[in-house]
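Chemist: With the hints as constraints, model all of the structure from the sequences given.
Each chain is listed here by its residues.
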Amino acid sequence: ETGVTQTPRHLVMGMTNKKSLKCEQHLGHNAMYWYKQSAKKPLELMFVYSLEERVENNSVPSRFSPECPNSSHLFLHLHTLQPEDSALYLCASSQESMNTEAFFGQGTRLTVV
Amino acid sequence: LAKTTQPISMDSYEGQEVNITCSHNNIATNDYITWYQQFPSQGPRFIIQGYKTKVTNEVASLFIPADRKSSTLSLPRVSLSDTAVYYCLVPNAGNNRKLIWGLGTSLAVNP
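Sequence order for the protein chains is A and B.
Each residue of the first sequence is one higher than the one before, counting from 1 in our numbering.
Each residue of the second sequence is one higher than the one before, counting from 1001 in our numbering.
Calculated directly from the structure, the hints in this document are not laboratory data.
The beta carbon of each residue, even a glycine, is placed where N, CA and C say it ideally should be.
Incorrect hints may appear among the rest.
Unchecked claim - Heads up, simulated DSS-like pairs for lysine-lysine below, C-alpha to C-alpha not over 27 Å straight-line:
id, chain 1, residue 1, chain 2, residue 2
1, B, 1052, A, 36
2, A, 41, B, 1003
3, B, 1098, A, 40
4, A, 22, B, 1098
Stated by the list, open to error - Pair by pair, the computed Cβ-Cβ distance ranges are:
id, chain 1, residue 1, chain 2, residue 2, range
5, B, 1040, A, 73, 23 to 31 Å
6, B, 1066, A, 14, 27 to 35 Å
7, A, 41, B, 1011, 18 to 26 Å
8, A, 41, B, 1029, 41 to 49 Å
9, A, 80, B, 1054, 48 to 56 Å
10, B, 1030, A, 113, 42 to 50 Å
11, B, 1009, A, 38, 16 to 24 Å
12, A, 56, B, 1030, 20 to 28 Å
13, B, 1093, A, 95, 21 to 29 Å
14, B, 1040, A, 82, 38 to 46 Å
15, B, 1009, A, 101, 20 to 28 Å
16, A, 82, B, 1014, 41 to 49 Å
17, B, 1049, A, 56, 36 to 44 Å
Modeler: Structure below.
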């Protein structure tokens, strides 16, 4: 238990579906992140939020839409995804933005069919 | 971009000490070296972080020579449950200080 909880753990969606991934942290951290981990590839940082404000968007396609309603919750809204978007999506939090010690959730295994 | 180089894979046996070395030739003066562990289908977990010489915690030790161009993660007496991918990370150069993730070292501990 890392203090960062992601739901769902597994998700299968069609290319025309709309779904959302949820992340919640119970650590009182100010920064939250979305990462994508594809097979045989390094972790890719997608979005960074600091105190509910998006501070980084690493050229992520608009079919991925993040939302941070408060410092404890982070969502990733998905729509019209492609099969190559299938991956493990990881949420993380840290005390401050870009701290080297981050706490990760267990991830959502997403399969786009 | 900061760059780290570490072996793609390593094999070991239960009870052995495992040392994973990472090179980071372009590390900046004030940067720390951070190591994470990741089990299959789980998020990475922070193991240890250091700046120079030696750092030890309940999980591992981290050895950093004086020139700081490399570091060695030492896992004492590994068990089967230490089978995982281990990542060595240093911050990106410049104003963007984000960690750059590589493919890590896949450690297999055999009985």
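Chemist: For each hint, tell me whether it holds in the structure or not.
Modeler: Okay, the hints, checked on the actual structure:
Annotation: proposed proximity of residue 1052(B) to residue 36(A) is violated, straight-line Cα distance about 31 Å (limit 27 Å). Between residue 41(A) and residue 1003(B) the CA atoms are separated by roughly 15 Å; this keeps the pair inside 27 Å, and the hint holds. At roughly 21 Å between alpha-carbon atoms, residue 1098(B) and residue 40(A) fall within 27 Å of each other, so this suggested pair holds. Restraint check for residue 22(A) and residue 1098(B): satisfied, since their Cα atoms lie roughly 23 Å apart, inside the 27 Å limit.
Distance hint check: the CB atoms of residue 1040(B) and residue 73(A) are about 27 Å apart, consistent with the given range 23 to 31 Å. A hinted range of 27 to 35 Å is violated for the C-beta pair residue 1066(B) and residue 14(A), which are about 56 Å apart. At roughly 23 Å, the beta carbons of residue 41(A) and residue 1011(B) sit within the given window of 18 to 26 Å. Roughly 31 Å separates the CB atoms of residue 41(A) and residue 1029(B), a value that falls outside the hinted 41 to 49 Å.
Restraint check, residue 80(A) to residue 1054(B): a C-beta distance of roughly 51 Å satisfies the suggested window 48 to 56 Å. At roughly 47 Å, the beta-carbon separation of residue 1030(B) and residue 113(A) lies within the given 42 to 50 Å, and the hint holds. Here the CB-CB span from residue 1009(B) to residue 38(A) is close to 19 Å, well matched to the stated 16 to 24 Å. Taking 20 to 28 Å as the suggested C-beta distance range, the pair residue 56(A) and residue 1030(B) conforms, at roughly 21 Å.
Our hint of 21 to 29 Å for residue 1093(B) and residue 95(A) holds, since their Cβ atoms are close to 23 Å apart. For the pair residue 1040(B) and residue 82(A), the beta carbons lie near 24 Å from each other, so the given range of 38 to 46 Å is not met. Residue 1009(B) and residue 101(A) have their C-beta atoms about 26 Å apart, which keeps the hinted 20 to 28 Å range intact. A beta carbon spacing of about 43 Å between residue 82(A) and residue 1014(B) agrees with the range 41 to 49 Å that was offered as a hint.
Between residue 1049(B) and residue 56(A) the beta carbon distance is about 22 Å. The supplied range of 36 to 44 Å is therefore violated.
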